[in-house]
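> The lines below spell out each chain.
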Amino acid sequence: MSKTDPGNYFEDFRLGQVIVHATPRTITAGDVALYTALYGPRFALFSSDVFARDCGLETAPVDPLVAFHVVFGKTVPDISLNAVANLGYAEGRFLAPVHVGDTLSARSEVIGLKENANGKTGVVYVRTTGVNQRGVAVLSYVRWVMVRKRDPAAKVEASSVPQLADAVAAGDLTPPPGLDFKRYDFAHAGAPHAYEDYAIGEKIDHVDGMVVEEAEAQMATRLWQNTAKVHFNQFERAKDPSGRRLVYGGVVISTAKALSFNGLQNTGLILAINGGRHVSPYFAGGTVFAWSQVLDKAELSPTVGALRLRLVATVDRPCADFPDKDEAGAYAPGVILDFDHWAAVPKRG
Amino acid sequence: MSKTDPGNYFEDFRLGQVIVHATPRTITAGDVALYTALYGPRFALFSSDVFARDCGLETAPVDPLVAFHVVFGKTVPDISLNAVANLGYAEGRFLAPVHVGDTLSARSEVIGLKENANGKTGVVYVRTTGVNQRGVAVLSYVRWVMVRKRDPAAKVEASSVPQLADAVAAGDLTPPPGLDFKRYDFAHAGAPHAYEDYAIGEKIDHVDGMVVEEAEAQMATRLWQNTAKVHFNQFERAKDPSGRRLVYGGVVISTAKALSFNGLQNTGLILAINGGRHVSPYFAGGTVFAWSQVLDKAELSPTVGALRLRLVATVDRPCADFPDKDEAGAYAPGVILDFDHWAAVPKRG
Amino acid sequence: MSKTDPGNYFEDFRLGQVIVHATPRTITAGDVALYTALYGPRFALFSSDVFARDCGLETAPVDPLVAFHVVFGKTVPDISLNAVANLGYAEGRFLAPVHVGDTLSARSEVIGLKENANGKTGVVYVRTTGVNQRGVAVLSYVRWVMVRKRDPAAKVEASSVPQLADAVAAGDLTPPPGLDFKRYDFAHAGAPHAYEDYAIGEKIDHVDGMVVEEAEAQMATRLWQNTAKVHFNQFERAKDPSGRRLVYGGVVISTAKALSFNGLQNTGLILAINGGRHVSPYFAGGTVFAWSQVLDKAELSPTVGALRLRLVATVDRPCADFPDKDEAGAYAPGVILDFDHWAAVPKRG
Chain A
1 MSKTDPGNYF EDFRLGQVIV HATPRTITAG DVALYTALYG PRFALFSSDV
51 FARDCGLETA PVDPLVAFHV VFGKTVPDIS LNAVANLGYA EGRFLAPVHV
101 GDTLSARSEV IGLKENANGK TGVVYVRTTG VNQRGVAVLS YVRWVMVRKR
151 DPAAKVEASS VPQLADAVAA GDLTPPPGLD FKRYDFAHAG APHAYEDYAI
201 GEKIDHVDGM VVEEAEAQMA TRLWQNTAKV HFNQFERAKD PSGRRLVYGG
251 VVISTAKALS FNGLQNTGLI LAINGGRHVS PYFAGGTVFA WSQVLDKAEL
301 SPTVGALRLR LVATVDRPCA DFPDKDEAGA YAPGVILDFD HWAAVPKRG
Chain B
1 MSKTDPGNYF EDFRLGQVIV HATPRTITAG DVALYTALYG PRFALFSSDV
51 FARDCGLETA PVDPLVAFHV VFGKTVPDIS LNAVANLGYA EGRFLAPVHV
101 GDTLSARSEV IGLKENANGK TGVVYVRTTG VNQRGVAVLS YVRWVMVRKR
151 DPAAKVEASS VPQLADAVAA GDLTPPPGLD FKRYDFAHAG APHAYEDYAI
201 GEKIDHVDGM VVEEAEAQMA TRLWQNTAKV HFNQFERAKD PSGRRLVYGG
251 VVISTAKALS FNGLQNTGLI LAINGGRHVS PYFAGGTVFA WSQVLDKAEL
301 SPTVGALRLR LVATVDRPCA DFPDKDEAGA YAPGVILDFD HWAAVPKRG
Chain C
1 MSKTDPGNYF EDFRLGQVIV HATPRTITAG DVALYTALYG PRFALFSSDV
51 FARDCGLETA PVDPLVAFHV VFGKTVPDIS LNAVANLGYA EGRFLAPVHV
101 GDTLSARSEV IGLKENANGK TGVVYVRTTG VNQRGVAVLS YVRWVMVRKR
151 DPAAKVEASS VPQLADAVAA GDLTPPPGLD FKRYDFAHAG APHAYEDYAI
201 GEKIDHVDGM VVEEAEAQMA TRLWQNTAKV HFNQFERAKD PSGRRLVYGG
251 VVISTAKALS FNGLQNTGLI LAINGGRHVS PYFAGGTVFA WSQVLDKAEL
301 SPTVGALRLR LVATVDRPCA DFPDKDEAGA YAPGVILDFD HWAAVPKRG
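Which chain is which? The protein sequence lines are A, B and C, in order.
Just so we're aligned, residue 1 is where the first sequence starts under the numbering used here, counting upward by one.
Just so we're aligned, residue 1 is where the second sequence starts under the numbering used here, counting upward by one.
Just so we're aligned, residue 1 is where the third sequence starts under the numbering used here, counting upward by one.
Treat the hints as calculated values from the structure; they're not laboratory data.
Heads up, a few of these hints could be off.
Since the list gives no way to pick one copy over another, a pair counts as held whenever it fits inside one copy or between any two copies.
[To be verified] Listed next, the in silico DSBU-like pairs over lysine-lysine satisfying Cα-Cα at most 35 angstroms (straight line):
#1 LYS3 - LYS203
#2 LYS347 - LYS114
#3 LYS203 - LYS120
#4 LYS325 - LYS229
#5 LYS155 - LYS239
#6 LYS203 - LYS239
#7 LYS182 - LYS325
#8 LYS155 - LYS114
#9 LYS149 - LYS3
#10 LYS239 - LYS325
#11 LYS3 - LYS155
#12 LYS155 - LYS297
#13 LYS182 - LYS239
#14 LYS120 - LYS182
#15 LYS297 - LYS203
#16 LYS229 - LYS347
#17 LYS149 - LYS114
#18 LYS3 - LYS182
#19 LYS297 - LYS229
#20 LYS120 - LYS347
#21 LYS239 - LYS120
#22 LYS203 - LYS149
#23 LYS239 - LYS347
#24 LYS203 - LYS325
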């Protein structure tokens, strides 16, 4: 038996199969500093222990996207090493806050399989759960990817596509225990805008643009122990029509979320990922821009509200005119990400 | 009201106005490691808890330039988002040491305003103070920047230019409480040179050269949550005659200070910034060189002295012949920084 | 006397001379996070405190290569600032585990000197020891480098070349006190392969390829406070036939070791460096590949075994056919590293 891991091919997956992913990871202050250096987030809740205590937490929690990247990275060798494309996310819920010192591990259950008509690939649906050192689930999400078959002639189970919710219900959102925005310091947070100031349908251009360099993309990907070959192996990528390494899609999500500070300064704390699509690949060196739309609102407590936000990112394309998809679902040129999530926001009370 | 922050224009500032800056920041061991990785400093006091204890401190303090970058970064969205140029620094004093775990926040007072004759821009003078979680000021400095007017026709207050000291007086220097160089370990520090060995007027070529890559410059800038567009938005910068992103001036300061280890091995602890000027912009990829001159000396305690040092940095220009400004004040080609500061140094006793 | 350190030239070294190196260094969680971001290692023992406790350790130890880089970096200004080439390593032993919070310092003893026939250079052999804050040696290794003479006419001591062991004897390996793989979690470690599954002579292609960018190479080198000019001074390197900065050889070692996870998932803990040779320089941008061969096996305890591994790295050259040296000792094109080490591995018991 070869000791080198070839990854799983489509015919290797079984419905109901549970995969324990490798390399549990203790989150450190070093990871948090690198997250700041790589993406430039400015949300006060993750930046200051003092600010976090004023919000009812013991110390600054780790940005939920850090937990997402750590858990996602662990799944790559088992789920998407032979993937053609990462197709989407759904039903992502952040279930418990993560702090420096917590150790995360991950497992996935195969919840759907559908062979493509060409017989060469199929779509694998997994529900992945990240668990901390006390066995508490900290996040859970569904992802589906198109995976190559090793052998086009291989027999494959009858197809089964899971029913997935369009969005996490507001009633299922789980803000960190103790979270209370009564003493929220709007001046230190950077803007006075509260829950009450955002209207459903409102669009916000985040104005700023940010380049990600190749070295930054690689460091961000290695940090999460994500091993997908397309991000690192230039020798092999030279044979691709693009000739370029692909940037890990999570880099685009985190960069766009950091850019969204300008206009959504008080919505850093992501509570759920309703859906996400990497509309086009991003290559290092392009300038990322972003805009958001408020899709929905919900009250979670007397001081905490939630906004359902659609965050759209583009490359080399400012967003003053909110580039979007047309009625047929085709995206405007330059759009690279469409990311639907819930985030906590202080109520003015 | 738009929720996107357009930054302040010259006519938005008022004399005496106090601005509380966003995003308090807890300094971590991750920030310190990144500082080392990005600039390469080797001063033992910041590198080793054991060395720091032998100098009378509880643990290794954070390099004062880290505190400076953190505080400076916070001011950018409010003070210099619409700046044409960062003109200078003065009266910078490091008032209390910063350790890992401290949370810094920043506020600025507008202490001077002077419209330029063209009516399109003006100079804003601010005194910025960084404060820790106990409300103790850890540093204070004056900065002046040239800022665009939103509306050239806007009326502007009568001009007021503050009187600024040429240098911080030696009597106003505040080394960390407890600092005592009696047991200073010169071998571990890397050189035997003490206060007594440096003569006023002495020039030192630091010999080594160091490239800063674009990715490094961006990471260094994001780490300090400095959002100035010129550092990140290549799409917009492509329209500039340079076609390039500008590197944050603080990167040049920290790189030059790190290079100065070679010849000034025992002067890492900056106590004051007397003045600083970014003579020319620095673009990533150039090799930075540096030289220093001893401008003054002062005894602070039986074991601690201070050197007033002028640190000059160049790009693609070795400094064996100490490139300088001429009598008319014009700098030699290649000079990018002229940075006048006080630093602590052990006395041989 | 100039205060700028010119480094030592060949005629400056004396047999038996002991050099205390500058800049003791407290290892932090930030260093560990950067190590992960720069190389992408996935060995569970260094990644998870929980996993490490299950292996009998209090917390996750620092990867021994971190300790090696820290100690190596300190020696550069004294030993190899004027080196023409880093010729080899031998008798490297990791003597005690290093944890976050430990402070390492380094000293070297000159154990061999041999002038070259051309009279312009000579080979210096040093045994370097890294010591923690309790005075306990954590690692020791021999390195030899070719160093320029300042003055070709300088008289030099009679030559003395030390006898060096081909490999560290299995009986001299010192795994961390308490290390016990009885509860080793193979699922979380990423592969089921135990001591019993590896055969002497077995070759493993690690398949994956990894680019190191210039910014990454520089950050990795600065992080260890390694100042060798060839890594940073592009202005000077432009005069070299390559026109390029050289990447620090330790970057190649750590990158190759991280790649070796794919096939050697349970052998992360290096116990000894038997020998190492940087066969060719590596320049940033090339894709690194690696393969390994099992040279020897040894039982250290009822649950802990050791594998003697030869790790060969190439650039832009996949390793499915195990590119090697021929009988005359000439390496196949593309080979850049040949690194012989002992690593701990769990026994199935």
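> Reference check for the pair LYS203 and LYS149, CA-CA at most 35 angstroms: within, between, both, or neither?
between (42 angstroms within a copy, 27 angstroms between copies)
> Should LYS203 paired with LYS325 be assigned to within, between, both, or neither, using CA atoms and 35 angstroms as the limit?
For LYS203 and LYS325, only the intra-copy Cα distance (15 angstroms) is at most 35 angstroms; the inter-copy one is 52 angstroms.
> Between the shortest in-copy and the shortest cross-copy C-alpha distance, which are at most 35 angstroms for LYS203 and LYS120: within, between, both, or neither?
between (41 angstroms within a copy, 32 angstroms between copies)
> 35 angstroms Cα cut-off: does LYS155 pair with LYS239 within a copy, between copies, both or neither?
within (30 angstroms within a copy, 56 angstroms between copies)
> Indicate which option fits the pair LYS155, LYS114 if close means a Cα-Cα distance not exceeding 35 angstroms: within, between, both or neither.
The answer is within: 12 angstroms in one copy meets 35 angstroms, while 68 angstroms across copies does not.
> How would you label the pair LYS297, LYS203 (within, between, both, or neither) given a Cα cut-off of 35 angstroms?
within (14 angstroms within a copy, 59 angstroms between copies)
> Using 35 angstroms as the alpha carbon limit, work out where LYS239 and LYS347 are close: within a copy, between copies, both or neither.
neither (53 angstroms within a copy, 41 angstroms between copies)
> At 35 angstroms max between alpha carbons, let me know whether LYS155 reaches LYS297 within a copy, between copies, both or neither.
Classified as neither; 47 angstroms inside a copy, 42 angstroms across copies.
> Within a copy, between copies, both or neither: which one fits LYS3 and LYS203 at a CA-CA cutoff of 35 angstroms?
Intra 52 angstroms, inter 10 angstroms, cutoff 35 angstroms: inter-copy only.
> Can you tell me if LYS120 and LYS347 fall within 35 angstroms by alpha carbon in one copy, between copies, both or neither?
neither (51 angstroms within a copy, 40 angstroms between copies)
> At most 35 angstroms between alpha carbons: which applies to LYS149 and LYS3, within, between, both or neither?
This pair counts as within: shortest intra-copy Cα distance 21 angstroms, inter-copy 49 angstroms.
> Tell me, please, which holds for LYS229 and LYS347 at an alpha-carbon limit of 35 angstroms: within, between, both or neither?
between (44 angstroms within a copy, 31 angstroms between copies)
Hint violations for this structure: numbers 2, 7, 12, 13, 14, 20 and 23, all remaining hints satisfied.
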